[in-house]
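Student: Sequence:
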Amino acid sequence: MQAHNKLTALALTMLSFFPVAVTAQTAGSTATYTNPVLNRNFPDPSVIYGRDHYFYAYATDGNGQRTPIVKSRNLVKWRPAGVGFTEATRPKFVNNGATWAPEVSYINGQYVMYYSLSTWGGEWECGIGVATSSTPNDAFTDRGKLFISSEIGVQNSIDPCHFTDVDGKQYLFWGSFRGIYGIELTDDGLQIKPGAEKFQIAPRNTIEGTMIYLRNGYYYLLGSAGSCCAKEKSTYHVVVARSRNIHGPYVNKAGRNIMSYPFDIMLQKSSKVYGPGHNSQIITDDNGKYWMLYHGYNSNDVDGGRVLFLDQVRWDSEGWPYIEGGKPSESALAPVFTTYEATGVQNVNADAADELTITLGGHNYFQISAPDGQKFTWIVTDLSGRTVEQGTATNVKDLWINDLSNGIYVVSAMKGRRKVSRKVVKCD
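The numbering of the sequence shown is this note's numbering, which starts it at 23 and goes up by one.
Treat the hints as calculated values from the structure; they're not laboratory data. Among these hints, one or two may not hold up.
In the DSS-like style, the derived pairs of lysine-lysine whose C-alpha atoms are separated by at most 27 Å in a straight line are [said to hold, decoys possible]:
| id | residue 1 | residue 2 |
| --- | --- | --- |
| 1 | K220 | K114 |
| 2 | K397 | K253 |
| 3 | K445 | K397 |
| 4 | K349 | K255 |
| 5 | K349 | K294 |
| 6 | K437 | K419 |
Please model the complete structure; the sequences and the hints are all you need to start from.
Tutor: Here it is, written out as structure tokens:
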């Protein structure tokens, strides 16, 4: 998370992944969107506003082998943007570990990803690592572990949260139901600062998925309590506390220290969304409204995994954040992102044609995506031009080439006069 966590978007066009109800929006308009904003398994979301004027969201992969990335101009329409790791490049400092709950910040001219590496039940062997990239959606280069649980003395050291304070100091917060801790990092965010000591801000058996947000002199601690992953039986929900000091103590609305007293609930399940939680950073739109992403189970398709939701964060008269009604919205007024100052183009949320894209999704796996609701044709040829696979798709095509012989192929996608091609390598 960046200092103040204010990510102001200045965008040109709107890209999409799955169909979402949204219309062109300018300041003061009444455009709406419908939840979920991304109807695919995308748990533990985090978000950053890139230097290329796109929002990028990161999540836990279904099998923990990759780090899926999607991008958007407006937080509502999302499309694939690559993966943080492939099978070949993923971290391996935990034997058979899976990468969970990534978070990306922009520090000293590069994108820095903090990630968990863990196995189920390995609460003393899991840990947190760091990776870097020059772009928010390029393959990240792993820089190794920051620590594992047994080294730092914190059981179940997962779910990293980066925060840059107003004085420029870099912090990492982490933990999952075994206490939430923080520690100061070096200025580049890649190591623990020499001599730094960890400090505890929340007790055992309370929360995971920490997010720290600074507003009007208060540090807000958001986290998720309950069971995350039990489909319709999930009890996951978002809670909040705050402090005048980053080190704490953090208190609830009654002013009581959450080391001994409960958090306040900010968001909980509805009849249509089970287990909402593990929220992203808080984002500010061009109208000064606040927003956050989070995952949850759609009651109509719990087997579809934890999909991506968006809701406005409001503030009461005492300065406490809340979600209207305390539950996920079905539809609401959309965020406003109106101007990209570098070009002066207005009304950036207007639907516009966008190029087809072909992105690497993992080992022998690619994603072809098109603008919202559009059909396209795709074809795979060998270097002699011989067709080996072809078909049609709408919005997105998940393309696996495991069954092809090892070698170089060309993947192409066509829509009308538009065509995009990419050379790919099949290898065992």
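Student: Can you list which hints this structure breaks, lowest number first?
Tutor: 2
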